[in-house]
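Asks: As given, the protein sequences belong to chains A and B, one line each in that order.
If you read the first sequence in the working numbering, its first letter stands for residue 1, the second for the next number, and so on.
If you read the second sequence in the working numbering, its first letter stands for residue 1, the second for the next number, and so on.
Derived from the structure by calculation, the hints contain no laboratory data.
The model shown is predicted, which means the values in this text are computed figures rather than measured ones.
For each residue, glycine too, the CB sits at the ideal point set by N, CA and C.
Treat the hints with care, as some may be off.
What the hints assert, rightly or not - Derived DEER-like restraints, expressed as beta-carbon distance ranges:
#, chain 1, residue 1, chain 2, residue 2, range
1, A, ASP95, B, GLU9, 38 to 44 Å
2, A, ARG126, B, LYS108, 40 to 46 Å
3, B, GLU28, A, ALA56, 45 to 51 Å
4, B, ALA56, A, GLY54, 50 to 56 Å
5, B, PRO116, A, ASP43, 48 to 54 Å
6, B, PRO116, A, ASP95, 53 to 59 Å
7, B, ALA53, A, GLN13, 32 to 38 Å
8, B, TRP113, A, ARG114, 43 to 49 Å
9, B, GLY93, A, HIS129, 50 to 56 Å
10, B, PRO127, A, ARG114, 50 to 56 Å
11, B, GLU110, A, GLY107, 41 to 47 Å
Said to hold, decoys possible - Selected chain B positions facing chain A (in silico; Cβ < 7 Å):
#, residue
12, VAL20
13, VAL22
14, THR24
15, SER31
16, ALA34
17, VAL36
18, PRO58
19, ARG66
20, SER68
21, VAL72
22, ALA74
23, PRO77
24, PRO127
Protein chains: 2
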Amino acid sequence: MATTAALSEKQKQFLQNPYVGVVTTLREDGSPHATVVWVDLEDDGTISFNTAAGRAKPRHLEKDPRVSLIVVNAENPYQWVAIGGRAEMTTDGADPQIDRLAKKYLGKDEYPWRNPEEQRLSVKIRPEHLDSSGFDES
Amino acid sequence: MATTAALSEKQKQFLQNPYVGVVTTLREDGSPHATVVWVDLEDDGTISFNTAAGRAKPRHLEKDPRVSLIVVNAENPYQWVAIGGRAEMTTDGADPQIDRLAKKYLGKDEYPWRNPEEQRLSVKIRPEHLDSSGFDES
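Bound-form chain A, shown alone (with noise of 0.2 Å):
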């Protein structure tokens, strides 16, 4: 297992595969929540997943922004990387970028079910921690 401060081209190329990502919050009373999210690889590097308002990532978030995050291959469980740190929730391209999730895990060019009264969010995540496994730097 490998801990550095950034990601690695490796790294940032398997992140580019449709592997879906366990985000884990922090509910009020600080025990961890895990739920599973599309994740994304922003044009700088940062990885971010998108959500709803009124979820309840989103709600945890606004209380404690800490949070992990972590990629399985799945068809290599021993393949993976994790980040924690700090979440920056946004409304700013989070329509665009829920589009452009549903083509990269779904293949298709719009989220198919996108909710009119819905407000998306874009959680870009700051990272304090990096590890990962199975890379040839591990």
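Starting from the structure of chain A, add chain B where the hints point.
Replies: Here is chain B on its own, set in the frame of chain A:
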């Protein structure tokens, strides 16, 4: 997504597949720390995993036993079971457990990476939260 108090029979069957789990513990500062584990469903329905003394997970759990574990179907990421609760660590049965998990995940009768200097630990989760996706009852 369904929240129920106990694993259904379908969820128990699901957990007999060799799908890895993501376990999240809390660092001393309360931030979430995620890693990949093999998952055991014990005969009495307890969900547990195996680790070794001195690693980050047991160190974190000694300070704060709160833990989450999520198991995602490797072929269908929209099917998953997540539990959250308190961990109880024991050396009792930890050596047979790692061999049982080697059988489940590697098809081998004995854990091939046993280190005689290492004390294996079995970590049982006493569930307080149970969520799932992709089951009929969802």
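Asks: So, for every hint listed, does it hold in this structure?
Replies: We went through each hint and held it up to the structure:
| no. | hint | result |
| --- | --- | --- |
| 1 | A/ASP95 <-> B/GLU9: 38 to 44 Å | holds (41 Å) |
| 2 | A/ARG126 <-> B/LYS108: 40 to 46 Å | holds (41 Å) |
| 3 | B/GLU28 <-> A/ALA56: 45 to 51 Å | violated (25 Å) |
| 4 | B/ALA56 <-> A/GLY54: 50 to 56 Å | violated (33 Å) |
| 5 | B/PRO116 <-> A/ASP43: 48 to 54 Å | holds (49 Å) |
| 6 | B/PRO116 <-> A/ASP95: 53 to 59 Å | holds (56 Å) |
| 7 | B/ALA53 <-> A/GLN13: 32 to 38 Å | holds (36 Å) |
| 8 | B/TRP113 <-> A/ARG114: 43 to 49 Å | holds (47 Å) |
| 9 | B/GLY93 <-> A/HIS129: 50 to 56 Å | violated (32 Å) |
| 10 | B/PRO127 <-> A/ARG114: 50 to 56 Å | violated (34 Å) |
| 11 | B/GLU110 <-> A/GLY107: 41 to 47 Å | holds (43 Å) |
| 12 | VAL20 | holds (4 Å) |
| 13 | VAL22 | holds (4 Å) |
| 14 | THR24 | holds (4 Å) |
| 15 | SER31 | holds (5 Å) |
| 16 | ALA34 | holds (4 Å) |
| 17 | VAL36 | holds (6 Å) |
| 18 | PRO58 | violated (16 Å) |
| 19 | ARG66 | holds (5 Å) |
| 20 | SER68 | holds (4 Å) |
| 21 | VAL72 | holds (6 Å) |
| 22 | ALA74 | holds (5 Å) |
| 23 | PRO77 | holds (4 Å) |
| 24 | PRO127 | violated (12 Å) |
Of the numbered hints given earlier, the model fails hints 3, 4, 9, 10, 18 and 24; all others are met.
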